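**Student:** One letter stands for each residue in the lines below.
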Amino acid sequence: MKLLRMKPGHGEIVIAEGDVAVAEQERELIEAFRAELDAGMWAAVPTQAEGGRREAEMVRSFDEVPRDAERVIFFPRAAGGAPGASR
Amino acid sequence: MALALGTGGVLLVVLVWELARPTLAGALARTRASVLARRREGSAGGYDPGRERRAEQRARVLLRSCVDEHDWAMYRELGFLRVWGGLSDPGDGREPGYAYLIYPHKPIVAYVPATGALLNEYCVAFPDNSKPYGSARLPHSDDVLAKWMALTADERRLVGEANMHLPGRQIDPERVRRDLARLAQWERQRASRVALAPSPDARRARIARRDNVRAA
Chain A
0 MKLLRMKPGH GEIVIAEGDV AVAEQERELI EAFRAELDAG MWAAVPTQAE
50 GGRREAEMVR SFDEVPRDAE RVIFFPRAAG GAPGASR
Chain B
0 MALALGTGGV LLVVLVWELA RPTLAGALAR TRASVLARRR EGSAGGYDPG
50 RERRAEQRAR VLLRSCVDEH DWAMYRELGF LRVWGGLSDP GDGREPGYAY
100 LIYPHKPIVA YVPATGALLN EYCVAFPDNS KPYGSARLPH SDDVLAKWMA
150 LTADERRLVG EANMHLPGRQ IDPERVRRDL ARLAQWERQR ASRVALAPSP
200 DARRARIARR DNVRAA
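For the record, the sequence lines run as chains A and B.
Per numbering that gives the first Met the number 0, the very first residue in the first sequence carries number 0; after that it's consecutive.
Per numbering that gives the first Met the number 0, the very first residue in the second sequence carries number 0; after that it's consecutive.
Take every hint as true, because none was put in to throw you off.
Over the 10 angstroms line for every Cβ pair with chain B, so calculated as not near, a few chain A residues: (1) A15; (2) E25; (3) S60; (4) P65.
Where chain B lies over chain A, by a calculated footprint (3+ residues, C-beta under 8 angstroms): (5) 0-10; (6) 40-49; (7) 66-75.
Note that these hints are calculated values from the structure, not bench results.
From a predicted model like this one, the values you see are computed outputs, not experimental measurements.
A virtual CB, placed ideally from N, CA and C, is assigned to each residue, including glycine.
Model the full structure from these sequences, guided by the hints.
**Tutor:** Structure (structure tokens):
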């Protein structure tokens, strides 16, 4: 499993990687996961629904991450914004 | 007389030099420090004309790996993504009553696919306040992916975080209507291409026939 974080000016970076079946690596993944949530990030797991349609699942704790998930993507939490007019 | 004037001139030059030397030395040291500081900034996080382009390329790869092939083609060719609204999904295979258009770094536009009527603009951003390279803005494709993930995973939560406005607040409604027309045309063309494309069996049969002709 890879924990990825979107980053301005860079694209995604790998913040942790490991096998959840290995206790030591799982612990490191959990610590990295918590650190990102503490930093105010949202976490999503890309999934595939029935019928093959791609979608995502938001997760709020490591327990909610499917054990077979290949990656968790962290991104800054949404904020109501009003970016500059685009007309 | 000339000797006296020459000596006086030399003394004057030496005097001016001695007076100006500390000021000149200080200015030189400041200039040198400033150049070194700019170089350090340049290597650690200052302006890099290629950084945003590289970041966008990474973001596009990530987006492509997460969405359907159809959606990726839509974004690549039209510059936006359509996400069906999930809160009114009839669940019987029919299209939901509304959908969203996701533009990079612009509000999400909700509309009714059946009529093309625009419903709302949802102004939402994903600012990274750590500003690792001086900007809080994600690359364009990361912004689209963040919106796509948040909408497909928890539409109600994202809509709740956004500032809702009537259509036309930030995006010209005419532009959105043009985009909806482009989207409809693009999907028609894509559907006809798929319909015209030979099936895998037909393609295999054609290749076999060609190989047989060559062998003969």
